[in-house]
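Undergrad: Sequence:
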Amino acid sequence: MMIEDEELRLLYKISSSEHLQKLESDLMILEKNPQDASALEEFLREAHTLKGDSRMLGLDEIEMLVHQLEDCVEGIKAGHSEITPEVCDRLYQGIDAINQLSHQAITGESVNIDPIAVLASLMELSGNSPATTQPDLFDDSDDFFGDSDGDNDDDDFFGSDSTPEQFTEDFFTDDSSADESSFAVSTIASLKPEQSVVTPVINQDYQIDTIRVEPQKLDTLMTQASELNVTKLRISQQMAEIEQISALWSEWIKQDSSIVTEIEQALDPQLLQPLKQFLNNTEQRVDILGSLINNLRLRASEDVASLGIISDRLESGINGLRQLPLATVFNIYPRMVRDLARQQGKEIELIIEGGDTKADKRILEEIKDPLLHLIRNAIDHGIETPPERIAKGKATTATLLLRGYQMGSSIGIDLSDDGRGLNISSIRNTAIRRKMHTEAEIAAMSESEIQSLIFASGFSTRTEITELSGRGVGLDVVRANVERLKGAIQVTSVPGNGCKFQVRLNTSLATTKVLIIEIERTLYALPLEFIQTMITLSPQDIYELEGKPTINFEERPLSVKQLGSLLQLPTPQVYRSKNYLSCIVLQVGSELFGVIVDDLVDQQDIVLKPQSKLLKRIPNITGATILGSGEVCMILNPVDLLHSLRKGSWNAVPSTTSLATKNRLLLVEDSIIILTQMRRLLQGAGYDVTVAENGFLGLQQVQAQEFDIVLSDVEMPQMTGLEMTTKIRQNSKYDRLPIVLITTLASREDKRRGMAAGANAYLTKGDFNQQLLLKTLDQLIHAHH
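So the sequence shown is numbered by the working numbering: it starts at 1 and just counts up by one.
Because the hints were derived from the structure by calculation, they are not lab data.
The structure presented is a predicted model; accordingly, all values stated were derived computationally and were not measured.
Be aware that a few hints might be false.
[Said to hold, decoys possible] Straight-line distance between alpha carbons at most 25 Å, and here's what the computed SDA-like set of lysine to any residue pairs gives:
no. : residue 1 : residue 2
1   : Lys-22    : Asp-89
2   : Lys-361   : Ile-332
3   : Lys-435   : Pro-549
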């Protein structure tokens, strides 16, 4: 069979190649040095991971052969057999067969491999009879929670309905007759070691298609590219100084020539000759100096241009590496929509378009939760039940469209449904009841402005709180997080015919355009996308409205304030003594306000450097940059400035983690295939997932941040899941942290070791399905809170 999922197919192509290469390398080491215990353990670890990957993707033949490889080497480890050239021949044949079957799973090209023949050859090494023995992967011993329905089901973790008996029948019997099957197996088993059942395939056109790069390394490269960009700005500034020197020199030469002419006319002819000799010598030196200045100017100009090209290409290249398709995040939602629709008794078809549109990886990470909340909101509030839809003359199945598309240097993400739409009357009444606006203000608003009120803080038209809606968390948090990504969100709706949310985002967060401003001889930066316009005021243009400084802007009142005051700088209110004031009109969402600054300095492209993790969150500041002069410049946060203007003091914008009542889960898994599948499942179920590749990194994550539950594999490099669990339990701080171990190691002794280490549950991948895992996690989280 061929792996259908494109992302998983690519991951398996990379990971299986690495695992098989390591298996072959370890076997070569063992063949030369049978006593090498580390190579033996490494072989078993690689085989274990490859087996888990193959099982997760339903590659049963590969899983079966890898499992038998494990059995053979486990026998060698236990001293039941020895490593001989004949044994290694059989093991190499097994690895070759797995390699070809992997190629078939990745490309869909059929290969001439009889997995039963290879299995029989390997089982002969381990002393097992192919007709009577099956891998202990299908051990039906009870898991820690027991079999709830008592039927001893051995459902696969991702929903396979195969049972041990069915597996045995599929792979060890022939429909023709038992006698013929026995003859076939015995014939294969009688092959001599040198009679290979698999011919290794050597790829003559070998090439490395992909290279794995850790995101942290890309971030480091991006930082270095930004430093280069700063260097380019500084050199450009020096170039301006050289140009100024050249201009002054030219002016001096002109003045010097005119002075010499005047002296020649005024001097006595007898004194003129020695003076001319002196002037000629001076002129020669002046010419040499002038030539040096011109050469310096030309070379510096060429170097600045060359550096600019290299810097821009490097930055563009790194940005390109960080770009990922929207499908990376879009693919999380189909399973979630399916499950939530079933919970609410609704029929919903999710359509995804434009998944190949690309954006910076950090944008995808940050936009996941806002989109998740919008989808939940659409299912809970917008889409009707089938009876309601039938009564309205609609199809019983609702349509939810998630669409991504390119808009110049920005991307758009639309989420639309054909549900009940927004209730304008209800929004009006809620805004008035909660004293967000007066009746007169509401009456003056357009329909679009009224619809946008749903993004106001704490706004909700529902009287009950549901688990699906996020326990009262409103769309104001979605708007805040979109704006934090330097984006914007708006809503349009036709009552009775659906609702559409439109999100606009920049494709990259690495660089941004800013306006450099000055306040009390200190430079600050304002992101250009929040600036609507810049105007000049006189102090007489400012008047008081409800106790707040106000101006008339586009025939309506606009609140303004001195920016230094908003930043709580110790500056006196002196702007009324000036003849004119520089005012910047900022737009956050649909709201406008003005800030008064001392001076407008320059417009620049800058590299945004996020705040230090030690500082975490500073009111009104979103980060910093380094200007061409080498000066550090703080970048202001217009969203915070609006809050400061409204309330007189800063109130923190709710963070992304408060978007919904989601539980933080640490997933510890060394297999990239299993990690990808598990993360999809858990994120689709609403968990905020953090990943670690082994027990050592998992332990560091537990010590660095808080989690509601830990889900871990057992067999991993550096530190196993059992060792990690033991380390965690040694600290009384984590006594109530639920830990679930999940593995293919299914014996009662394995489970006993897991419980002894301190695990709350020990689940085997052959004993349960998705629902059991999610139920287990939910039970443990609620039991320990």
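Undergrad: All hints are to be evaluated individually against the structure, with a verdict given for each.
TA: Now for the hints, and whether the structure bears them out:
1. The straight-line distance between the Cα atoms of Lys-22 and Asp-89 is roughly 17 Å, inside the 25 Å bound, and the hint therefore holds.
2. A distance of roughly 15 Å separates the Cα atoms of Lys-361 and Ile-332; the hinted pair therefore holds under the 25 Å criterion.
3. For the proposed pair Lys-435 and Pro-549, the alpha carbon gap of about 22 Å is at most 25 Å, so the pair holds.
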